[in-house]
Structures are given as C-alpha cells and as structure tokens.
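**Q** Here's the letter readout for the chains.
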Amino acid sequence: MSTVTFTIDGRELTVPKGTTVLQAAIQNGIKIPYYCYHPGLGVDGNCRVCLVKVEKMPKLQVSCSVVAGDGMIVHTSTPEVLAARAGVFEFLLINHPLDCPVCDKGGECPLQDFSYAFGPKDSRMEFERRTFDGDGVKADVDFGPTLMLNRNRCIMCTRCARFMREIDGDPQIGVINRGYHSEIGTSRDEGVHSLLSGNLMDVCPVGAITTRDYRFKSRPWDNPNAVDTVCTLCEKGCNTTLWIKAKQEWAKGAQLIRTTPRLNPEVNGYWMCDLGRFGYHWVEGDQRLSQPLINQQPRPWTDALALAGEKLRSAGRDGLRFLVSAHASHEEMFLLGRIAQELLGDAAPQAISVSWTSSAKDQPADTKFRIPEVNAPNVAGARALGLVGAEAAPDLSALKALVESGRLKAVFVLDPGPAGNLGDLSWLAAARQSGTLTFLAVQGVVATDLSRAADVVLPGSAWPEKHAAFTNMTGQCQTTNTAIVPPGEARDDWQILSDLAIAMQVPLGYESLRQVRDAIVATVPDSPAFARLAELEYLKPQKASTWLESSNASERVKWDAMFLDLPPFKFERMFEAAPRANVIPLKPVP
Amino acid sequence: MRLPEPVLTTHVNEPFSYTLENYLKWGGYAAMKKALAMTPGQIIDEVKASGLRGRGGAGFPTGMKWSFVPKDIPKPKYLCVNADESEPGTFKDHVLMERNPHLLFEGCVIACRSIGAKTAYIYIRGEFYHVQKQMEAELQKAYAAGYLGRNICGTGEDCDIHIHRGAGAYEAGEESALLESLEGKRAQPRLRPPFPAVVGLYGSPTIINNVETICNVPPIIERGAAWFQGIGPEKNQGPKLFCVSGHVKRPGVFETSMDVTLRELIYDFCGGIRDGHELKAIIPGGSSTNVLTPASLDAQASFDGLVKAGSMLGSAAMMVMDETTDMVWLAENLTHFYKHESCGKCTPCREGSDWMHKILQKILRGEGAMKDLDLLLSIANNIGGKTLCPFGDAEIAPVVSTLQHFRAEYEHYIREGRSLVPRADWMPRTLVPAHAH
Ligand SMILES: Cc1cc2nc3c(=O)[nH]c(=O)nc-3n(C[C@H](O)[C@H](O)[C@H](O)COP(=O)(O)O)c2cc1C
Ligand code: SF4
Ligand code: SF4
Ligand code: FES
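Listed in order, the protein sequences are those of chains A and B. The numbers in the first sequence follow the working numbering, run straight up by one, and end at 590. The numbers in the second sequence follow the working numbering, run straight up by one, and end at 437.
One chain only, chain B, in its complex shape:
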C-alpha cells in the first residue's frame, strides 16, 4: 500500500515543530513508554517483524543487526546514531533533526533498551552547527521532563544521549570510521571482523544506525509491525524519505513508500523537469550510486528495485539532470570530491582516486586519448572491491556509470577537444576548476 500520509515528517512544516511541547501535544514519547514496558527481546522481535531496513545506505535489516549484540558480556553497550549525512545530494536527516528531533531521541531510548545500552551518541555532521545547538536545547528539555537520564518516566530505566559534532570528513560517516572519530582518532575505518556489534566503541558492543532508521522505530512500536509491513512493497516496507535535487521544478524532501517509481518522484512529487528542458540522467541514491538514464524511469525507488535497475537506493538522494549537463564534467566533479575525501588509509583508494581525477581533468582539457577511457575503467576495476571500506566502490560509481551510458561524450572530448553539450548557463565558466586541493 502507498503511504497515505507522512509519518516521520507529519508536522515538519508547522512552526516550532521541533519543540518538546509540540511533540508531546502530537502524542510524542508514547511509543517510548510502551517500549519501556516491553522486554528487550520483544522490542527486537517487533522491529525484526516490521522488516525495517537501514536507511543509511546499505539497507541492512535493523532488527537483525540489533540481535548481533552479545547479551551475556559484562561490557557496556552503545548506540551510535549516524547523523554525519555527507553523501552528496542527501539532506533528509537534516530535516528530521532540525524539525523533529524528539522523534530521534525517542527512537534512541527504545533502541538502547533493546540492545541493553545506557548511552547513545548522535554523531552529527560538523556543518550542522545550528541544528546541533537547537537539538542540545531540546535535549535538555527532555532531560528536565524526565524523558531522558536516570529513571525515565519512573520505570527505573536509564538512558543518556550525547550529541557529538564531527569535524568535516565524508569518511566519518562510514560506521567504523565514525567510531574512531568518536574515540578522538582520525576518521579512518577499521578492519572487520570483528564487527562493531561485537567490538565497537571503546571496544564494546555498539550498534550504528542512520538517523532515519532510528526515527522509524517509535512508529513501529506504537503502531505495530503489521502496520509497517503493510506499507510499500515486500522487503522494502515502511515510510521513506527521498531527497530530490537538480533540474526539477520543485526539489525537496518527500516522504512516501518505496513502491514509488523514479517517474512519479520526478514528475508527480517534483513537478517534472524545469521548463524547456528534458531529462537526461538520474543519480538515484547519492553520488556513490550509478547514474541511470530515462530508460529506468519506471524503476521502483526501493532497495531492491534500484539494484534491479543497475544502481542503488543508497541514501535516497536523487540528483536529476537535464540535457544541459556535461557528464564528463559530472564525473570529474564527483571524482574530485572522492579524491578529496579519501581517508588515505588503503592503497587503491588513496592512489586510484587521484589518478582517475587527473585523467578526467586531462580529458576535460581536451588532451585525452581514447586509451584513457579503458585506463579509467581498468583503474576503477582495480579499486572496486579491493579497498578496506566501501568508499572504494562508491568512488568508482560516477566514472563507471557515466562511461557506460555516456561514452560518446567522453569520445567527443577526446576527438574534438570540447564538450558535446552546449555550455549551460548554470555551469562554471571554466570546466577544469582550480580546486583548492
């Protein structure tokens, strides 16, 4: 069934939607009270039964993840909320934290109870300073009202939430790098196994979940797994936020269910492509996912639907491009991002990202050769699947998929020394930017 009305973003357009007073007025913290009366096992079973899959990128079943936490070890357990939201094109967690922070807090308490944690850390992207400030104020109100801290609502349950601000690295959103960063080290990923659920923050069992994932937990507890199961296609259930940006008439964050198609998102939710232009390409799930062409418009915007279409749902960040977009420039731009953000820990990503970027710059300068295209694919192939963390797979997506769908544009650069696409007014004047790094 299509989601009849928003669940996570019901009130986000109302003034002061973020306050505790309004949240309580709209029935907030009821799910928490319900959950505190349940056993941890019952909570996990409910979340498992709902079929909730992680909204951070990989779509891993949340209940199953929680059940990996060992129960019989004396170490403390932790919940870390991944609020780093750095995937280019993604701005959904921002909306939730800015306008509905108590939903996240409530979800944290429930998740903590289910895994036996007494402490949750919200690792928030460094640039979200203003959001953090407002969240801190609301957090204090929740503490004062007895929804957090010692003996929550008289149930004897304790839960503390700390908001930790990152210092500006995309890689800090990778879950094990996030843990390193939280511990005060460089945001570089850890080798797995052991997985964080067993050896995580400070060597203790730790669950890392995306903001939107945790925000889905209170509604599941409140309305039940069966309700959640009823929304959207099988194995891709529940409310889902989509962030659509680019050459559409009405970009923004939209909450619906995953039976929605790319066509519906672009033409119904966003009012279609801007006037006088036509759709050329779609990046469906953030810059780390493969570019699709209009041929995939009828693909379902779900975890499984987009895999079938040759891409991924990722962070559900749809970047829509019209015919004025130079796809070689796009690849160069995104590769610059990845080269800049590579943490440098492992060889293929550290060396390969820069090399690919140099080749793309050379092609943009009109100095490329046909063999450079095979070289790009070969470098991408030598990175993909060989790196320490999934960053390597992410960074090759723009290069490989634009080469797959738009090879003619590359070849035109090589043959003619210039773009196949007439220079659009929105594009920078010089195509090879003098990047700072």
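If we strip away everything but chain A, and leave its shape as in the complex, we get:
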C-alpha cells in the first residue's frame, strides 16, 4: 500500500494514501474535535468543528475532508484555529438547551466534552433559545418503537440520517425545514422502524436520540464497570460492551443496564442489531433457574448431580439421547461429546442432536448490516466438532420418533440459551409427562415447559455470566467474558458437565477451562473454527478501568485520543483574584 508523509503540529506522520487529516490525527492521538464525521459513515463536512490550518491554503480547512498529501503541513492549535474552533463551539451551544442534568447523554456527551476542551469560556448569547416540541424533557417525542427524539438538543450533524441512508439502507430520517428551523424528521412523523435503530443512539453525538430501553435508567457514573464481550443471540457474533450498573446489595433492579457495539471490522464494524442490543433482559429476569431441582423441588447440587448421573449412566447404549442447543459453547459441546463417547462409545454420534432456530429478519434489500437468519451463536462450532453435519439443518424428527416410540430411558438436554431457542419441544415435555419417556434431565438457564417436565434441573449460566468460546458464521472464534455472576446457586456450565461426568463415573479430568480448550485443539487440530481458541484470553475479567474506555466503538476512539489528558482550559484563571464587581458588598454588622 502506498503511503504519504506529512506533518501535524510538527509531528511527522506516515499514513496510507487516502487517509484524511482528521483520521491521521485520531489514529495518532492528536486532538481535533469532530461531530459530523463518524468513522463508519461518509464524510459530510457540516459541523465545522474540525477546522485546522493547512499551510499554503488561504482558508482554514475542515480536517475531516482534507486528504493528507505528501509534504502537507498542518497546524491544529494556532491562535487562528483555536479562535475559529471556539467560534463554532459557541454557535453549537447558543441554541442548545444545556439541560445536561436531565439528559441521558450527560457524562458521556461529545458536545459537553469537546465544548469543555475547545469551546469558549462563556456564551454571549442573550436571546431565547430555539425550542421545537417544548422545554426540557417535555421536548422528548416518540421516534418509533425503540427511540425517543429531543430536537432541541440536536446539533444537525446528520449522522442519524446518514446512518439510515448508508448503513440501514432505508433512508427514513431526513432534515425538514431550512436554516435556523432545520430539524430531524421522519415521514409523517412515523419515527424510525428498523432493526438497527439502536445504533442511532450511538451515532448521535448529543442526547437528541435516546433509546427507550436505557432512557432515565442510569447515568454513566452509575455504570462504573463495562465488560467487553460478544453477543450470542445469532451467528454473527457482534462484538459488544455490556454496561453494569453499580447497585447496592439490597437495591432492586438489574445490573446489566445496556449493550453497545464495539468495533470489530471483521465482524460487525461499528454496529449491532436491536435484537442483540435489547435482548438481554431475560438474563436477569424472574424466569431464571437458580437452584438445582429434583422433581421441581430445590435440592443440593450433590443430590441433583448424583441422581442425574445415575439415571443417565444406567439408561444404556440404546436408551440414552442428548439434545444440545447451538447456544452451547465449544467447551460445553466438547464436554458433552466426551461424556457421550465415554458412555456410549461408537454409538455416541447417533445419540447427540443439535438444534437451533432460524428466522428471516425484515431489513431493506441493500442494507450494509445484514442480520443472519440463524438465531444461535455456535452452529459453526457444532459442525466443527462433528455434532451436526457440515450443511445439515436442525432435524429432531428421528429423536422425536424415538422418544414417542417409548424405547428411550433417558434424555439429557443442554440449553444455556434464551427460551424457545431449540424450537418446539412440546412433544418432549409431553412424552415425559405421559410417562412414554421415563427420565428427563435439563441443564439450562430459564424455566420453560420443558424444564418444568424434567426430573432433574441443573441451573447453568447465561452468556454474560461466563467465559465461553463460539465460532461465528464467518469462522471467527471469539469468547464472551464474565460480566455478572449467575443467579443463586447456578454454576458455570463447563463445571456442571465436569461434575456430571464424575457422577456418571466417567471422570474427564479437566481442571480448568484452559485444559478443556487445549483438549479441543488437540482433538480437532486442523479445524479453522478453533484456530484461535488456544490464544483467547479467558478467566480474566476484562473490566474497563474507566467508563470512558468502554464507550461505544466510535466514541472510544475519541476518548482514547482526546481525554486521557483533558486540558484544564476552564480553570486557567482559577487562582486569580475575583474581579471586585463580583464581591457582594456586605454591610458591617452594627
């Protein structure tokens, strides 16, 4: 790739040809503010805050649209640039409501932060501010099923409109009216109807677009921890950040407070879909399984494992079948497969069925972010382990026929996914209830009709509660991270499976997740699906050290580049004596 070499503020930079001055600055930690530029969207050049001085060009230039050229000399902090930039920041704030105390963006708002760093000390505006739909939070209006819009806060960067046009593929958002009266709008005020709508909150650099899901629930400083992980609700495997609200022991409510996408150019870019973003509530929902159950009664783990182990072991070669969700991780699938081999030998492959669901997602034909049909994270893993054929679709008809024939003694279900992810299993629950099937054990996370029909229930962990590896539809092997602990007595699934193996008298001997992963690589050495498994970081919670570092991907670049050493602009005159006029002329006490 050819490169160009140029200078910003005396620093010589060499960047790939075609890189803009702003991109080069961001990549190299040089502080230039920006609003309308978003690394995932086309350049629009409308906000004008990224002004810089380029030598030999008479006017200041917007760095987002100047392509770096060989020998170019750029200055970001000449008095001329500082003044011009401050002027633009003043303009951006003269009509902004500054209702930061009630605004959801407050604390993680590029308008706050950049104004603080680069704006003038105070505003000279003395007229009433522009309002569109009312004052304060009354200005929040419906913006479709998932979003709210506050036009007063909008700075007209048009990132939202460009996201819809360029990424979603259905340009539902446009600008209506002109000049000072410009506002963001949708046709007939219908709001945004898109499976990608949540990204609009991320791209909006102010609190104009908020999600109904997160609105008023928390503030950035209430979310001291955020954990980088991957979404497991479909086979795309978007890289995400889970935000965790600090909560007193006694306080009600959930800890998981929102999901935001995290940049991975090879998987999801800057984006994620609404199904993954908003689909986390079940994890801390009241349907979670939190205690081992025998005949639906809480019992100690040892009893539940002993009973399950004994029944499954004694079911024999022809009497035992396993049903596995494609929400199970590599480690879980591998351990289950090993148990089946130990118990059933050659008959193991026929004894395991893997299931998942698929559904078409309603998206524009030319969307740049397509949500796959498969609603499970690890179909590729199941195929690589040989649990299901390379092309095969889930097919439980043989298992169903066998169950209904009454020839089976026991079925073990491994399902760490959300309710319904295995498809319709009413036949299995019915078979157990009618006595056609004599023993059913379920290792799962949510109470379902199936778990309610089970003789033994082993409560496992949902994906935010464990380290677990998955291979997505394009062959990327990725891991989730522990963000919160599983509820009650629920345990990590790989440990449950290891203990179950011991209870079945076929101990597998793995003492750590690392050993399990090494065993997978040793067993299936050449599979690309596990190529990175040995290197994946695990058992180390990747807590962000500050909330800033875990903001959504696009902003994270900015935080890293901008705010690790925030210049204390506003306080430069802090120690000077206050001007006399500001001193209250107190009268001496008589």
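Do not rely on the hints blindly, as some may be mistaken.
Claimed, not checked - Simulated pairs of lysine-lysine, DSS-like, Cα-Cα distance not exceeding 27 Å:
| hint | chain 1 | residue 1 | chain 2 | residue 2 |
| --- | --- | --- | --- | --- |
| 1 | B | K75 | A | K368 |
| 2 | B | K75 | B | K185 |
| 3 | A | K121 | B | K358 |
| 4 | B | K235 | A | K59 |
| 5 | A | K56 | B | K235 |
| 6 | B | K235 | B | K34 |
| 7 | B | K308 | A | K59 |
| 8 | A | K56 | B | K308 |
| 9 | B | K362 | A | K121 |
| 10 | A | K368 | B | K185 |
| 11 | B | K75 | A | K17 |
| 12 | A | K17 | B | K71 |
If you're looking for bench data, these hints aren't it; they were derived computationally from the structure.
Keeping the supplied structure of chain A fixed, place chain B with the ligands upon it in accordance with the hints.
**A** Relative to the frame of chain A, chain B with the ligands by itself:
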C-alpha cells in the same frame, strides 16, 4: 475599448425578440454551425483565448473550467446552466431568457460539444414561471427546426436541453446545491473536492455556468477571441450586463464593457440620483458584496476593479441608495434574507445568521448596547471563511461593510434609541418588520 454597441441585448427592446424566426433573421445559430465544425479542443481554446470569466459571481475563467472535465472516462457529461438568479438586486439573466432565449440555447449546444456533453439542464428560478413557459415553446421550435435533438443540422451531433424549475431557494443557485436540487434532493451544497467538473450531476462530470456566461459563447465563436479580447480592460473583457436599481432616475439592465466606472453607470446610464437627493451608498454586485460609499465612485465596475475598491462585481447588481436610506435597517433587512435562506447544513451559517439578525432587530428597537457592535463583528468573523459554502461570506458582507462605513448610524440607534436618518417616505412605517419567519 468601450463596447460600441450591445451584443447580448441588441434586439431585446424589439417586439417578439424572443422568437426563433427573429433570431434566425438576425443571424442566429450561425455560431453553432461554426462550432459544430470545430473540434471540442478548438472550442475550448477559443474560449480560453477570449479570457471570458464566469458572470455568476466569482469570475472564474470559463475556458479553464471547461478544460477540467476529464476526457477519457466513460461516464456521461452534463452542462448545467445556472438560471436561478436569486441574488437580491439581480435581474440580468431574466432579460436574456425572456427576450433572447435562443442565444442561450445556442450557447448550450456549443458548450456541450466542447465538454463532450449530450445533455444540458437549465435550472431556472421557480418564480420565473412565465419565462419558462415561453422558453419551453421556443425550445420546441428549435427542436422542430433541427437546431436541437438528434443529428443537429445534419452534423451527426446530438444535444438535448431540459428546463428544470427550482422550488424557491436562494441557496439552490450555489452550484453544488443546484446539482442536489436537480437530482431531487434538498438544495444543500456538497463538500468539495471532488469538484463538479469531475464528480457532478449523478456522479458524472458536470460544468455549471451562469446564463450570461453561456450567452457570451456564441459571439466569441462567431467573432473570435481577439474581438472579445479587445473589449474592456485586460482580464475583464467582453460585454457585460449591469442591473442597476434603487434611487436612480432610470434603473434597468445595461450592457457595456467593464471599463465603465460606478460613476458612469449611475450618472450616465441611469441619469443620476433622483431629484433633490444625493448618493449615499452603493452595493455594487448584489446583496452579498460589500457596501461602498461615494468615495468609490470612480472605481472600475470590473471583477478586479471592484475587488480593489473593497467589494466585488458579484452578479453586477448595483443597488444605489440616497441619503434617506437607514443603513442599520438595510443590514437588518438583508440579514433577515440570509437568515431565511440559509440552508442550515453547516453550523456557523445556520446559527450565526439568526443570531446576527436578532441583534440587529434589538438595535433597531433601540435596545442595543455598544458591545453589540463588537459582538456583531465577532460573529461575522466566526462565520466568514468557516462555512461549507460561500453563503457564509455573503451573509456577513452587509453587516461588516455597513459597520465599517456607517458605524455612526449604529451608535446613534444605541445612544438615542432611534435612527440618525429622517424616516423616508419609501421606508416601512415600522422598522422592525413582523417577518413571516
Ligand atoms: C449562495 C450562492 C448563491 C448563488 N446563486 C447564483 C445564482 O443565482 N446564479 C448564478 O449564476 N450563480 C450563483 N452562484 C454562483 C454559483 O455557485 C457558480 O459559481 C456559478 O453559477 C458559476 O457560473 P460561472 O462560472 O458562469 O460564473 C451562487 C453562489 C452562492 C454561494
Ligand atoms: S439527532 Fe443526533 S445524530 Fe441526528 S442530526 Fe441531530 S445531533 Fe446529529
Ligand atoms: S454556509 Fe452552510 S448553512 Fe449556509 S448556505 Fe452554505 S452550507 Fe448552508
Ligand atoms: S467533523 Fe469535519 S466538519 Fe464535522
């Protein structure tokens, strides 16, 4: 040499000057035939040699602009004629289109041939409905007579002209906003580069020229670059239309050459200031250009002459004002126009135009403070040169230049709460208008 007789407006005062029959009678479409026998390169060289500069405002050399069109790319190329004529005070393109439309059509065919375009769009101001109707009829006649369409005059050359009516936005006259509007989008400017000559209409190479610019092309081809070069001062050659309005005895459109001075335009062409009054201020090139005082009367009304005088030729729209004009009111009035017409795409113009207008209204109400004047200049400074399109520079001109030349009038408002200028009979009764927007 001073232009001896009109070239673009020779017959405009004769009845039915706009018809194809009359245009042919007066020798029309001869230049086109000549040009169709020339190579595109020869046409561009001739226009370059003539020194023709764009009449739309910036005075960019036309031949050079045409030569920016890449020759070896497979995309179609387009010519767009900027007939949006919305700059306050400007009414020259209107005359050409109403009374000499075939000159424009002829120019379009020649320009299209030079840049390899087969299609020209004339983007006409929305309010020029009656003009468009008449032009459409004449266009059909030109098609029927074989001067447009397929195989023009048997030369094998094709050229189509479409007239597209705007929907009423000043900003649609800015060339890249014009392209957006033509494509059916909001009339908001595009970021440059890439320039339209490379990526323009529908992503294809496009040349945008003013009506008067294109109308100058047939005479150049017909009479040659040397003839054009001989008219007017160096680098400012050729016939030029001036629209003079305001407090002169005989306002109107005048065709002359750019060696003319402001004094000659006002006193010779327009018969001077109306009786009993004296000249106070001149806006020489449309509302976007700086106000001048009588001290500049001897400035040459050319691209370079007016820059030297501290203003610009712009669209050559001279607005002449006598001593009854309240300059603060003038600034408020024009700022209202700009605030209303700002497209809203970029921050400084969207926010700054309204802010300046509010301050000017406050001063007119007699509630201003001295610091407001510095504030106005500071806001103007924060807009100028920082916007996405030249609108930002345009909107500050009235404020900055009236403050420069007539600061005393502002200060009088602030000190006395009323105008320094006795209320003139032509002025509105209340100085702070209840504008619709
Ligand atoms: C706000 C704004 C409005 C403009 N309006 C017009 C117009 O009405 N007519 C016009 O010919 N040029 C207008 N222009 C200038 C055009 O952008 C462009 O420079 C011109 O059409 C080029 O033609 P020329 O090279 O023949 O002068 C405007 C420019 C700006 C910034
Ligand atoms: S709503 Fe947000 S993203 Fe959309 S234009 Fe306004 S500030 Fe930008
Ligand atoms: S300066 Fe900006 S807001 Fe004003 S007209 Fe141009 S692009 Fe639109
Ligand atoms: S980021 Fe460059 S103009 Fe907005």
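**Q** A separate judgement is required for each hint: does it hold in the structure or not?
**A** Okay, the hints, checked on the actual structure:
Restraint check for K75 (chain B) and K368 (chain A): the C-alpha separation of about 26 Å stays at or below 27 Å, so the hint holds. The hinted pair formed by K75 (chain B) and K185 (chain B) meets the criterion: a straight-line CA distance of about 21 Å does not exceed 27 Å. Between the alpha carbons of K121 (chain A) and K358 (chain B) the distance comes to roughly 22 Å, so the proposed pair stays at or under 27 Å and holds. Straight-line distance between C-alpha atoms of K235 (chain B) and K59 (chain A) comes to about 25 Å, which keeps the hinted pair within the 27 Å bound.
Our distance criterion of 27 Å between C-alpha atoms is met by K56 (chain A) and K235 (chain B), whose separation comes to about 25 Å. This hinted pair checks out: K235 (chain B) and K34 (chain B) have alpha carbons roughly 26 Å apart, not beyond 27 Å. With a C-alpha separation of about 20 Å, the suggested pair K308 (chain B) and K59 (chain A) falls inside the 27 Å cut-off, and the hint holds. For a cut-off of 27 Å, the pair hint linking K56 (chain A) to K308 (chain B) stands: about 23 Å separates their Cα positions.
In summary, the hint linking K362 (chain B) to K121 (chain A) is supported, as the alpha carbons are separated by about 24 Å, within the 27 Å threshold. Restraint check for K368 (chain A) and K185 (chain B): satisfied, since their Cα atoms lie roughly 22 Å apart, inside the 27 Å limit. Between K75 (chain B) and K17 (chain A) the alpha-carbon distance is near 25 Å, which keeps this suggested pair within the 27 Å criterion. As the CA atoms of K17 (chain A) and K71 (chain B) are separated by approximately 25 Å, the hinted pair is consistent with the 27 Å bound.
In this structure, every one of the numbered hints holds.
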